[in-house]
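Student: Protein chains in written order, with this note's numbering: chain A, 8 to 462; chain B, 8 to 462; chain C, 3 to 141; chain D, 3 to 141.
None of the hints are false.
With a cut-off of at most 25 angstroms between alpha-carbon atoms, the simulated PhoX-like pairs for lysine-lysine come out as follows:
hint: 1; chain 1: D; residue 1: LYS118; chain 2: D; residue 2: LYS92
hint: 2; chain 1: D; residue 1: LYS126; chain 2: A; residue 2: LYS11
hint: 3; chain 1: D; residue 1: LYS6; chain 2: C; residue 2: LYS35
hint: 4; chain 1: D; residue 1: LYS6; chain 2: C; residue 2: LYS10
hint: 5; chain 1: C; residue 1: LYS35; chain 2: D; residue 2: LYS35
hint: 6; chain 1: D; residue 1: LYS35; chain 2: C; residue 2: LYS10
hint: 7; chain 1: C; residue 1: LYS6; chain 2: D; residue 2: LYS17
hint: 8; chain 1: B; residue 1: LYS331; chain 2: A; residue 2: LYS336
hint: 9; chain 1: A; residue 1: LYS356; chain 2: A; residue 2: LYS173
hint: 10; chain 1: D; residue 1: LYS76; chain 2: D; residue 2: LYS93
hint: 11; chain 1: D; residue 1: LYS33; chain 2: C; residue 2: LYS35
hint: 12; chain 1: C; residue 1: LYS92; chain 2: C; residue 2: LYS82
hint: 13; chain 1: A; residue 1: LYS34; chain 2: A; residue 2: LYS44
hint: 14; chain 1: D; residue 1: LYS10; chain 2: C; residue 2: LYS33
hint: 15; chain 1: C; residue 1: LYS6; chain 2: C; residue 2: LYS35
hint: 16; chain 1: B; residue 1: LYS331; chain 2: B; residue 2: LYS274
hint: 17; chain 1: B; residue 1: LYS356; chain 2: B; residue 2: LYS453
hint: 18; chain 1: B; residue 1: LYS146; chain 2: B; residue 2: LYS196
hint: 19; chain 1: B; residue 1: LYS290; chain 2: B; residue 2: LYS271
hint: 20; chain 1: D; residue 1: LYS33; chain 2: C; residue 2: LYS33
hint: 21; chain 1: D; residue 1: LYS10; chain 2: C; residue 2: LYS31
hint: 22; chain 1: A; residue 1: LYS196; chain 2: A; residue 2: LYS64
hint: 23; chain 1: A; residue 1: LYS64; chain 2: D; residue 2: LYS104
hint: 24; chain 1: D; residue 1: LYS31; chain 2: C; residue 2: LYS31
hint: 25; chain 1: B; residue 1: LYS290; chain 2: B; residue 2: LYS336
hint: 26; chain 1: C; residue 1: LYS121; chain 2: B; residue 2: LYS44
hint: 27; chain 1: A; residue 1: LYS271; chain 2: A; residue 2: LYS327
hint: 28; chain 1: C; residue 1: LYS6; chain 2: D; residue 2: LYS31
Since the hints were made in silico from the structure, they are not lab data. As the structure is a computational prediction, the values presented were derived from the model and not from experiment.
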Amino acid sequence: MIQKCLIANRGEIAVRIIRACKDMGIKTVAIYSTADKSALHVQLADESVCVGEANSKDSYLNINNILSAALACGADAIHPGFGFLAENASFARLVIACGLIFIGPHPDVIDLMGNKINARNTMHKAGVPIIPGSLEPIKSIEEGLKQAQSIGYPIILKAAAGGGGKGIRMIEDDESFLQAFNVLRQEAKNYFNDDSLYMEKLFVNAKHIEVQILADQFGHVIHLFERDCSFQRRHQKMIEEAPCHWLTQEIRQNICQAAVTAAKAVKYDSVGTIEFLMDEESKFYFMEMNTRIQVEHPVTEMITGVDIVKHMIRSADKQKLSIKQKDVKINGHAIECRIISEDYRNDFKPSVGRINFYHAPGGKDVRIDSALYSGYEIPPFYDSMMAKLITSGNTRLNAIKRMRSALEEFIVEGVENNLEFCYLTMFNSNFVTGRYTTQFANDWIKELKEREPTL
Amino acid sequence: MIQKCLIANRGEIAVRIIRACKDMGIKTVAIYSTADKSALHVQLADESVCVGEANSKDSYLNINNILSAALACGADAIHPGFGFLAENASFARLVIACGLIFIGPHPDVIDLMGNKINARNTMHKAGVPIIPGSLEPIKSIEEGLKQAQSIGYPIILKAAAGGGGKGIRMIEDDESFLQAFNVLRQEAKNYFNDDSLYMEKLFVNAKHIEVQILADQFGHVIHLFERDCSFQRRHQKMIEEAPCHWLTQEIRQNICQAAVTAAKAVKYDSVGTIEFLMDEESKFYFMEMNTRIQVEHPVTEMITGVDIVKHMIRSADKQKLSIKQKDVKINGHAIECRIISEDYRNDFKPSVGRINFYHAPGGKDVRIDSALYSGYEIPPFYDSMMAKLITSGNTRLNAIKRMRSALEEFIVEGVENNLEFCYLTMFNSNFVTGRYTTQFANDWIKELKEREPTL
Amino acid sequence: MDIKSLEKIFELFNKSQATEFELEDENFKVKLKREYEFNQSVVSETKPRVVHEEISKPNGNWVKAPLVGTFYTKSNPDAKPYISVGQSIKKGQVLCLIEAMKVMNEIKADCNGVVKEIKGIDGKMVEFNQEIILIEEEV
Amino acid sequence: MDIKSLEKIFELFNKSQATEFELEDENFKVKLKREYEFNQSVVSETKPRVVHEEISKPNGNWVKAPLVGTFYTKSNPDAKPYISVGQSIKKGQVLCLIEAMKVMNEIKADCNGVVKEIKGIDGKMVEFNQEIILIEEEV
Numbered sequence: 008m009i010q011k012c013l014i015a016n017r018g019e020i021a022v023r024i025i026r027a028c029k030d031m032g033i034k035t036v037a038i039y040s041t042a043d044k045s046a047l048h049v050q051l052a053d054e055s056v057c058v059g060e061a062n063s064k065d066s067y068l069n070i071n072n073i074l075s076a077a078l079a080c081g082a083d084a085i086h087p088g089f090g091f092l093a094e095n096a097s098f099a100r101l102v103i104a105c106g107l108i109f110i111g112p113h114p115d116v117i118d119l120m121g122n123k124i125n126a127r128n129t130m131h132k133a134g135v136p137i138i139p140g141s142l143e144p145i146k147s148i149e150e151g152l153k154q155a156q157s158i159g160y161p162i163i164l165k166a167a168a169g170g171g172g173k174g175i176r177m178i179e180d181d182e183s184f185l186q187a188f189n190v191l192r193q194e195a196k197n198y199f200n201d202d203s204l205y206m207e208k209l210f211v212n213a214k215h216i217e218v219q220i221l222a223d224q225f226g227h228v229i230h231l232f233e234r235d236c237s238f239q240r241r242h243q244k245m246i247e248e249a250p251c252h253w254l255t256q257e258i259r260q261n262i263c264q265a266a267v268t269a270a271k272a273v274k275y276d277s278v279g280t281i282e283f284l285m286d287e288e289s290k291f292y293f294m295e296m297n298t299r300i301q302v303e304h305p306v307t308e309m310i311t312g313v314d315i316v317k318h319m320i321r322s323a324d325k326q327k328l329s330i331k332q333k334d335v336k337i338n339g340h341a342i343e344c345r346i347i348s349e350d351y352r353n354d355f356k357p358s359v360g361r362i363n364f365y366h367a368p369g370g371k372d373v374r375i376d377s378a379l380y381s382g383y384e385i386p387p388f389y390d391s392m393m394a395k396l397i398t399s400g401n402t403r404l405n406a407i408k409r410m411r412s413a414l415e416e417f418i419v420e421g422v423e424n425n426l427e428f429c430y431l432t433m434f435n436s437n438f439v440t441g442r443y444t445t446q447f448a449n450d451w452i453k454e455l456k457e458r459e460p461t462l
Numbered sequence: 008m009i010q011k012c013l014i015a016n017r018g019e020i021a022v023r024i025i026r027a028c029k030d031m032g033i034k035t036v037a038i039y040s041t042a043d044k045s046a047l048h049v050q051l052a053d054e055s056v057c058v059g060e061a062n063s064k065d066s067y068l069n070i071n072n073i074l075s076a077a078l079a080c081g082a083d084a085i086h087p088g089f090g091f092l093a094e095n096a097s098f099a100r101l102v103i104a105c106g107l108i109f110i111g112p113h114p115d116v117i118d119l120m121g122n123k124i125n126a127r128n129t130m131h132k133a134g135v136p137i138i139p140g141s142l143e144p145i146k147s148i149e150e151g152l153k154q155a156q157s158i159g160y161p162i163i164l165k166a167a168a169g170g171g172g173k174g175i176r177m178i179e180d181d182e183s184f185l186q187a188f189n190v191l192r193q194e195a196k197n198y199f200n201d202d203s204l205y206m207e208k209l210f211v212n213a214k215h216i217e218v219q220i221l222a223d224q225f226g227h228v229i230h231l232f233e234r235d236c237s238f239q240r241r242h243q244k245m246i247e248e249a250p251c252h253w254l255t256q257e258i259r260q261n262i263c264q265a266a267v268t269a270a271k272a273v274k275y276d277s278v279g280t281i282e283f284l285m286d287e288e289s290k291f292y293f294m295e296m297n298t299r300i301q302v303e304h305p306v307t308e309m310i311t312g313v314d315i316v317k318h319m320i321r322s323a324d325k326q327k328l329s330i331k332q333k334d335v336k337i338n339g340h341a342i343e344c345r346i347i348s349e350d351y352r353n354d355f356k357p358s359v360g361r362i363n364f365y366h367a368p369g370g371k372d373v374r375i376d377s378a379l380y381s382g383y384e385i386p387p388f389y390d391s392m393m394a395k396l397i398t399s400g401n402t403r404l405n406a407i408k409r410m411r412s413a414l415e416e417f418i419v420e421g422v423e424n425n426l427e428f429c430y431l432t433m434f435n436s437n438f439v440t441g442r443y444t445t446q447f448a449n450d451w452i453k454e455l456k457e458r459e460p461t462l
Numbered sequence: 003m004d005i006k007s008l009e010k011i012f013e014l015f016n017k018s019q020a021t022e023f024e025l026e027d028e029n030f031k032v033k034l035k036r037e038y039e040f041n042q043s044v045v046s047e048t049k050p051r052v053v054h055e056e057i058s059k060p061n062g063n064w065v066k067a068p069l070v071g072t073f074y075t076k077s078n079p080d081a082k083p084y085i086s087v088g089q090s091i092k093k094g095q096v097l098c099l100i101e102a103m104k105v106m107n108e109i110k111a112d113c114n115g116v117v118k119e120i121k122g123i124d125g126k127m128v129e130f131n132q133e134i135i136l137i138e139e140e141v
Numbered sequence: 003m004d005i006k007s008l009e010k011i012f013e014l015f016n017k018s019q020a021t022e023f024e025l026e027d028e029n030f031k032v033k034l035k036r037e038y039e040f041n042q043s044v045v046s047e048t049k050p051r052v053v054h055e056e057i058s059k060p061n062g063n064w065v066k067a068p069l070v071g072t073f074y075t076k077s078n079p080d081a082k083p084y085i086s087v088g089q090s091i092k093k094g095q096v097l098c099l100i101e102a103m104k105v106m107n108e109i110k111a112d113c114n115g116v117v118k119e120i121k122g123i124d125g126k127m128v129e130f131n132q133e134i135i136l137i138e139e140e141v
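Given these sequences and hints, build the entire structure.
Tutor: Below, the structure is given as structure tokens:
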């Protein structure tokens, strides 16, 4: 049984994990950089250790200091959260080599799914539909051009080791392919130290649908239904919901079953997500697998009641899944808005500073996962996500209405933020009908910009 | 269809009702006293009207000003919340006479249930078990003495028009009966302008169990299961939970059915609560009916998912109940702590002042209904309840654990409060086992006081 | 450095939006600093009213609505208004009506004086304590 | 400076929105400060440290832990400690060990000086940047 867990992260996800640990009677150790001395996760944990300078690479990515802290504090497990070291297989292996439990999947799966080409191949073999495109790294610019022509433009060119919206180019024609190929290859080398590229057909009006998976170390895999994460700006999710309004029962059944097949194919043994693209004809294709807890997990928790983080900890602790597929039911609808310190009127420029006044909404069917408090100083070194606001309702429209009034109540003063943007979105008719695709957010932001003088 | 609702209340319940109205697309009018100019409910409503001086009788009980405000603003309905005018039948009749909708039951039921002797008689006739005691007002001290002797001490002497913990005496023997009778009669006259008294057998180790009722104007009545409100200090509830841990399925079925019978007997047509006492042999007796929304309604909302306030508004708006008894299921367990500005170390002395810092807990399964914000000045004129913290879990123990860590996160600086008291209670073994009765809180407070030097 | 000047400096500082102030001359040096007011937005709505009262006080006394209701300047739509700005009035004279629960309540002057301003709007609601008519008292 | 004026100054300060006040003239100097209170509880834990640094700074420079690990004053349990309070040390001299990932890291003096205080505790963890040894530099 895990007795003490070090949380190798910061912000609202560190707070989320600390809360889960407290409920389970697990002691918590927070880590922090010199810039995060008064961050909320530090104050909520039982113990805390400073692991380095403000810059992530010196602190939240400082594997030596993090492991030393875990060992010196007597922690027996490490939860990586998301981002930072969450999908770093070498870190996971080191954690295990130190005799600690890594709260996440087996490092081999992280490796396998981290390389997007290997992931595509694995899924293809398992019979899970993948997006038309390369099955191995593109050898040369000439070969790539041929491949692109045979798939048909537009295509999307990606770094095999990429992720999180980085190392991606949309390609419209031969010319832009020739221009982009070597640039992206160099970028991939710089960012990920791996210059392998591959391509996929680009679906312009597609839905981003992902299925939440729970698995244990005894071969049990269940799904918690799907999320609709099509609201994206530059491949970054902003608003998520569960379930996906568009799906028929039959397609829901098929996509969730495909996700379970995918997870079983890689002997998945933790909490994870299978991401799919769904085209206008409701055909879906495997995109990638996230081998970690995700930002948007609360919408699934809201509609199923299942505590995903607790299950992740239990699975890592060699416990069997305590629920069966038939126990999981969809109850209503949930929406999440990521509250970020970015100025939506100014091209989402990040904003830092002191939260002079913070007031969170409350009441029925409202959940806040936040790392903020009145007087907190947002440091300029990390991600701009400050909080997540999640609402639910019997119906999708009720969840939207709840979100509207929760956003009206939400006050974050001192930094620019996207509260107003989210609020406006909750009245956009495309959003309200739920018939939006991955293209929508960009168009909507453009439209808002054009209407700005009249707003 | 109700278009605009005036909320004749303040504090967290006003905020709660405003939120429900917003979700339903109903415009809201807040009323406030001169002392409540910057209260949260005023800021959240679409409009607000000052209705009088700080003292409740000049503002929140100022029927003329409240009705004028409703008419002048074009409101078509008034929600009274709880306390203040919520169980004032004359007010309800005036609201209706003004052509407005009173969001509550028919005034005749308020009257009938407001007189506790009539309520007992009505229930007795309907076959609902009542506590052994008087069936009509006690005519004289001599007759009362005889009655008390035949019931057997201890008994409880009550004002027929009383409520909210006022106009009540516990009587141990003949001597204390003779001492108390005339004093209480005078008190009843002063407080309620009605000196009728009655008596009931006093159950020392009893559970206070109440059943939430939903009804409409078409004769439909359903229950939302029971709450355990046995945690009371001086007849004031402090911590509530749903469902009651102690009940077998059979008893639960019986008590809920009795509540439905009770509501049908009085042709109840709104949201209400039937309160029962349950003795050590699990026999239950009707105590009284609350013809209003109650403070503790959120625990029932947490386990059933049903929005009680919305149903109350719909029923007043002549809509049929949208759910059936078979749709209502208990899902897990929920606990509520009333956060009050009282100093538990100092005999729960009320405390007023400025909230220098306010930080509410968040995360999964946590609900806050609060009227606080950083910088808010608590006025000395009203109830000491500042906020309600509600947590839920798959099991009662999980709800308790969630409550513990939520209380750890909760910061209210500037006024004395009972956060620490609630926190300590969550570790008390009698509370944790759930085997506590109405006697428990008083003993526990005494025990804490004795242990105080060592705390 | 005398207290009078100091008083004035504090007053200027308090009224200003400055968060820091320093003054140095041959004889003395003063320094003032304040923290940012963190809940400005929430309480700001009450501020204009305060400022307003301060400015208008010197000119007279506001008659405030003693009850909630509909404000009328005349007894019926065709009648002449009870008062107009600039008019002299006598103690006890009717200034306006406030209708509440279908009852017309006459609001009367509690001193002799001159009407300086009428803020209540004909046919519109007035809140409790709302300033409706400004009277400069005759002395 | 008489008590009356002081009283007045306090009064002005208390009433004002200022959190800091300084006044200096030929004869005297006054300084007033108040804490800005609203999030006291949340940030208070960092305060003792700040105070400590202010007090101890004049006496020397703290050697801070450059990594997270276990602090040792000696190379093995039976050895003599590397340094003791009062001892003179030379630049480059080993002051202590910090063990991290089973590697012993020698922490060396970056100046000549005298050991004034050892805050690291033998066998206990040190955080990044934690003050471990206070050295008064020799000049």
